[in-house]
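S.K.: In case you want the letters, here they are:
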Amino acid sequence: MATLSKPMPNATLEPPTGKATALAVRGLSIYFGDHAVLKNVSIDIAAHAVTAIIGPSGCGKSTFLRAINRMHELNPEARMEGEIRLFGDDIYSRDVESVVVRRRVGMVFQKSNPFPTMSVSENVTVGLRLNGLRDRRQLAERTEESLRMAALWDEVKDRLQAPAISLSGGQQQRLCIARALAVQPEVLLMDEPASALDPLATQKIEDLIIELKKDYTIVIVTHNMQQAARSSDATAFFYLGELIEYGPTTKIFTKPAQKRTEDYVTGRFG
Amino acid sequence: MDNHFEIGLEDLRQKLLLMASRAESAVNDSVQALMQRNYDLAMKVRADDDIIDAFEIEIDEMAIQLLTKAPLASNLRLVTVAMKVSQNLERIGDEATKIAKRARDLAEEPPVKIVLDLPRLAGMALAMVKDALDSFVQRDSAAARAIVPRDKEVDALNREMHNALAQHMMANPDTIGRCLHWIVAAKSLERIADHAKNIAEEVVYLCEAQDIRHNLKK
Chain A
1 MATLSKPMPN
11 ATLEPPTGKA
21 TALAVRGLSI
31 YFGDHAVLKN
41 VSIDIAAHAV
51 TAIIGPSGCG
61 KSTFLRAINR
71 MHELNPEARM
81 EGEIRLFGDD
91 IYSRDVESVV
101 VRRRVGMVFQ
111 KSNPFPTMSV
121 SENVTVGLRL
131 NGLRDRRQLA
141 ERTEESLRMA
151 ALWDEVKDRL
161 QAPAISLSGG
171 QQQRLCIARA
181 LAVQPEVLLM
191 DEPASALDPL
201 ATQKIEDLII
211 ELKKDYTIVI
221 VTHNMQQAAR
231 SSDATAFFYL
241 GELIEYGPTT
251 KIFTKPAQKR
261 TEDYVTGRFG
Chain B
1 MDNHFEIGLE
11 DLRQKLLLMA
21 SRAESAVNDS
31 VQALMQRNYD
41 LAMKVRADDD
51 IIDAFEIEID
61 EMAIQLLTKA
71 PLASNLRLVT
81 VAMKVSQNLE
91 RIGDEATKIA
101 KRARDLAEEP
111 PVKIVLDLPR
121 LAGMALAMVK
131 DALDSFVQRD
141 SAAARAIVPR
151 DKEVDALNRE
161 MHNALAQHMM
171 ANPDTIGRCL
181 HWIVAAKSLE
191 RIADHAKNIA
201 EEVVYLCEAQ
211 DIRHNLKK
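Residue numbers (the numbering used here), protein chains in the order written: chain A, 1 to 270; chain B, 1 to 218.
These are calculated hints, taken from the structure and not from any lab test. Treat the numbers as computed from the prediction; the structure is a model and nothing was measured. Careful: at least some of the hints might be erroneous.
Straight-line distance between alpha carbons at most 35 Å, and here's what the computed DSBU-like set of lysine-lysine pairs gives [claimed, not checked]:
hint, chain 1, residue 1, chain 2, residue 2
1, A, Lys255, A, Lys19
2, A, Lys255, B, Lys69
3, A, Lys19, B, Lys152
Modelling step: build the complete structure from the supplied sequences, incorporating the hints.
M.R.: Shown next as structure tokens:
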């Protein structure tokens with residue numbers, strides 16, 4: 001990993017939780033062609049905390065999330081300016097491969113996407129096997145550990161060889177979280193992880209998010225204000241590609257400082 | 001398309017204002033009954049207290065309905081403040097009832113020959129209630145903040161009256177029963193001022209999201 005080579009520019013917004021900074025984003029702009037989807041965003045995201053990203057559709061929140069594990073690079077029209085450091089390491093440094101970044105920064109998507117032809121356990125270990133791990137005992141250990149962390153072990157321990165798609169929607173989403181955790185990332189990005197789930201499955205995911213922050217730094221994009229209020233420590237509000245307000249979640253949802261935040265969280269626009 | 005949540009919020013606000021005007025009238029009438037030795041008016045205040053109680057229950061139900069929709073920011077503050085304001089109004093109504101009860105009893109006995117500044121105490125407490133409610137309607141945080149220190153003046157005047165009545169009782173033991181009625185009525189006015197202060201503090205929270213209760217520095 002690259003190390004700090006130059007002093008960081010001053011952050012415009014400080015992390016609100018008083019914890020160490022996991023992700024330091026400075027002057028981040030992302031363009032698709034001529035269109036700026038993110039405009040000069042600077043933010044420090046606290047380690048071992050849950051940070052929620054909220055904002056109306058098209059505000060750049062998913063693009064922001066994708067930039068943190070270099071997924072927007074998959075779009076050939078995308079262009080990025082600025083800097084993102086993960087525990088001090090510049091993740092866009094030329095000598096850093098995107099695959100290494102994605103190992104350190106896991107991602108869970110809106111719709112659960114287990115590999116349909118693989119079993120439950122194969123889904124969990126796929127990343128490890130791609131990274132060359134062959135030892136059966138180690139793979140089994142990591143499977144159990146990851147499924148336990150994803151609060152799924154008790155439900156699937158007797159059917160580890162069953163097809164992943166035989167699980168319920170909520171279980172499939174937790175399987176995807178287990179798969180992301182198996183490679184032992186430092187940061188877990190979640191893009192609307194519960195939007196397709198019923199209230200009970202949603203509650204399980206939210207409880208899991210709160211449990212996981214002990215070991216991971218979590219960034220979650222959500223349209224559900226109550227979900228952000230329930231599960232996050234800090235909340236960032238994006239609008240039209242700009243970071244409008246960032247602060248402790250309780251403050252954002254009870255007394256936001258910016259009128260645009262107030263209008264959004266009270267449903268006056270968006 | 002109508003925003004049903006906003007409509008619900010406005011209904012809640014209107015209901016609270018209706019309750020407020022009832023509570024204000026109850027205090028006015030109870031003080032009048034006391035000063036004018038008006039037995040019938042005192043009985044009316046007591047009977048009308050049920051209406052104020054019903055408002056409190058209705059407002060709580062409306063607020064709980066709105067809370068199920070998980071409001072945030074100023075909407076959340078309005079709903080929670082409405083519940084607290086209605087509770088204070090209900091207690092103002094209770095205090096008015098207590099004054100009315102004393103007014104009823106005093107109306108049936110000969111007057112005590114003592115000069116009391118009860119109209120001034122009542123005027124101060126009533127003005128605090130009125131101003132607190134106005135600050136809620138206008139969402140005027142500065143006006144609400146200005147109400148809070150007035151509570152101390154009411155407390156001081158109540159103490160003065162308490163002392164004067166205590167002395168009168170010692171000098172005229174035959175008036176003890178009647179003087180105790182006056183002490184209780186004055187204490188109720190002092191409590192009404194406390195509730196007005198509470199409402200003012202809630203208005204500050206509503207407007208500024210700043211909790212100024214109990215002088216706690218955050």
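S.K.: Determine for every hint whether it applies to the structure shown.
M.R.: Taking the hints in turn, this is what the structure says about them:
no., hint, result
1, A/Lys255 / A/Lys19, "holds (22 Å)"
2, A/Lys255 / B/Lys69, "holds (18 Å)"
3, A/Lys19 / B/Lys152, "violated (43 Å)"
Of the numbered hints given earlier, the model fails hint 3 alone.
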